[in-house]
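Number of protein chains: 4
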Amino acid sequence: MNQTYHPPAPPWEVEQWFNTDQAPTLESLRGKVIVLEAFQMLCPGCVMHGLPQAARVRHTFPPSKVAVIGLHTVFEHHDAMTPVSLRAFLHEYRIAFPVGVDMPGSRDGLPRTMLAYGMQGTPTLILIDAQGRLRQHHFGQVADLALGAEIAELLYEQP
Amino acid sequence: MNQTYHPPAPPWEVEQWFNTDQAPTLESLRGKVIVLEAFQMLCPGCVMHGLPQAARVRHTFPPSKVAVIGLHTVFEHHDAMTPVSLRAFLHEYRIAFPVGVDMPGSRDGLPRTMLAYGMQGTPTLILIDAQGRLRQHHFGQVADLALGAEIAELLYEQP
Amino acid sequence: MNQTYHPPAPPWEVEQWFNTDQAPTLESLRGKVIVLEAFQMLCPGCVMHGLPQAARVRHTFPPSKVAVIGLHTVFEHHDAMTPVSLRAFLHEYRIAFPVGVDMPGSRDGLPRTMLAYGMQGTPTLILIDAQGRLRQHHFGQVADLALGAEIAELLYEQP
Amino acid sequence: MNQTYHPPAPPWEVEQWFNTDQAPTLESLRGKVIVLEAFQMLCPGCVMHGLPQAARVRHTFPPSKVAVIGLHTVFEHHDAMTPVSLRAFLHEYRIAFPVGVDMPGSRDGLPRTMLAYGMQGTPTLILIDAQGRLRQHHFGQVADLALGAEIAELLYEQP
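Chains as they are written, first to last, in this note's numbering: chain A, -8 to 150; chain B, -8 to 150; chain C, -8 to 150; chain D, -8 to 150.
These aren't lab readings, by the way, just hints derived from the structure by calculation. The reader is advised that the hints may include incorrect statements.
Put simply, identical chains are the same to the list, so a pair is met inside one copy or across any two.
[As the list claims (entries may be wrong)] Below 20 Å or equal to it, Euclidean Cα-Cα: the simulated SDA-like pairs (lysine to any residue) are:
1) K56 to L146
2) K56 to G22
3) K56 to A14
4) K23 to R78
5) K23 to R103
Could you put together the complete structure from these sequences and hints?
Pasting the structure below:
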């Protein structure tokens, strides 16, 4: 019988959270579809496309069913995109969903969660289903129409 | 027990079809989700938003599962939007999906299918499920993210 | 001595005017810079770019110094773009500047003014200086920044 | 006799220049029209509108006649917008014209050139004529059509 295996999403290794009092985890969000938006604050494609799209997702789907989480995955210009700069960026761009700072790693300057998810760059949008499994991985732009359908597929599938 | 009733979509009364050899009907499309885009060729909101969105739907979803159908529902400026003008419009705007000309009616100049569906104006986007039932009715603009989710909901629901 | 010759703009041959009680002519507009926007109502580039730009020009420059004139130069789909259809189009798209219907010609279906100006298609934007001379001829899109500069050059040059 | 007085532009007090080997000054640019784009790297209106417009100006007008100069006028989030962050920002956003870092001041955190020019915030676009005089001061957005005309007016006026 033909069946696809969906691996569990790797845990998030985050050194600091913004826009939330309690650190969100895969476990605490179990039961919701998660839209994970990995970005860098000085990445034009993230600022122009990825982050506005994540904000639209947040306003389109009910927060009881879909969680939007940002992940600041700095893999270049580390000195230019510190948490101090990120805080101002989130304020100026009115980004209101929780954003975690990916834990700096050792290899090639790639932060740890970025490495664990095999991300190739930013923006990357990851969809995680209600059971905490990886379902979609988009590097670069994905159209709203396709993304809306992908999120809904995860919402309406029977467990 | 709580249950929503979805009425059957009224049949299409069309005097002429473009972009197709065989007149599509609700019956011939049974088993597919139908996106019905009602428009007027001189309606700016249709030209700028509704018709480009319908074209994006057609390129995003497989034609074996989702059918995109245009309906020219002229309810004003009848002399300005004849089938002769429509043919040139469809050619110039590269609209490739089937488009039917709604049958002129008698009351208030409203064409018959427009009246049967209770449309308030153009653009109107109607979603019909695989069983031929009315599921969504949008007058004016609907965002791609929400529309993608609505189409996917109809695709992934269990009959 | 190096000097450029600017030929006089050919007269407009128009069978019908919209949005004006008095037929504008090159003579009646002498002393103003003229922005002549040649378009077809079913030309997507005209609807999306040319006509909105002409409307922006009209709102940016004082009407005492710059006149915006539309010219409906139908050279294809003649039956689809009659004056009856044009009237509805101008109404629906809220085009408020004077628009003339270029006089149908005999050769190749090209209307007469289009032929006299050597236009290659639509949209075409022509700039005529305060002395009635041809100064710019753009086929296709011209950026707002460049167009603003060209209009101003004609406004501020010393006769 | 009616005559407008155009005050001389205040000198630029800059602590560091990017994208240029030689520090540009009002004197060194005498004879050119100067478009001075004051911005902050974390100001959305600057990133979305002001800086792309400055880049368009640079590609529309000949560099022998029009100089485009950026000025990083940080008046908030000082720790988040250091020259280290600015360098990465200019690289990622492909900003190629000279950009000076406005000298930090003492009063209210306003940098010195920003204060001398009486700027109210960012983005601010200043036009300086070929004689080094202040001619336009725009806080917020200015449309391309109007800006193109203003630059051209300075180019074509007789000294």
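Hint check:
no.	hint	verdict
1	K56 to L146	both (8 Å within a copy, 19 Å between copies)
2	K56 to G22	within (8 Å within a copy, 28 Å between copies)
3	K56 to A14	within (18 Å within a copy, 41 Å between copies)
4	K23 to R78	neither (27 Å within a copy, 40 Å between copies)
5	K23 to R103	neither (24 Å within a copy, 44 Å between copies)
Checked against the numbered hints given earlier, the structure breaks hints 4 and 5 and satisfies all the rest.
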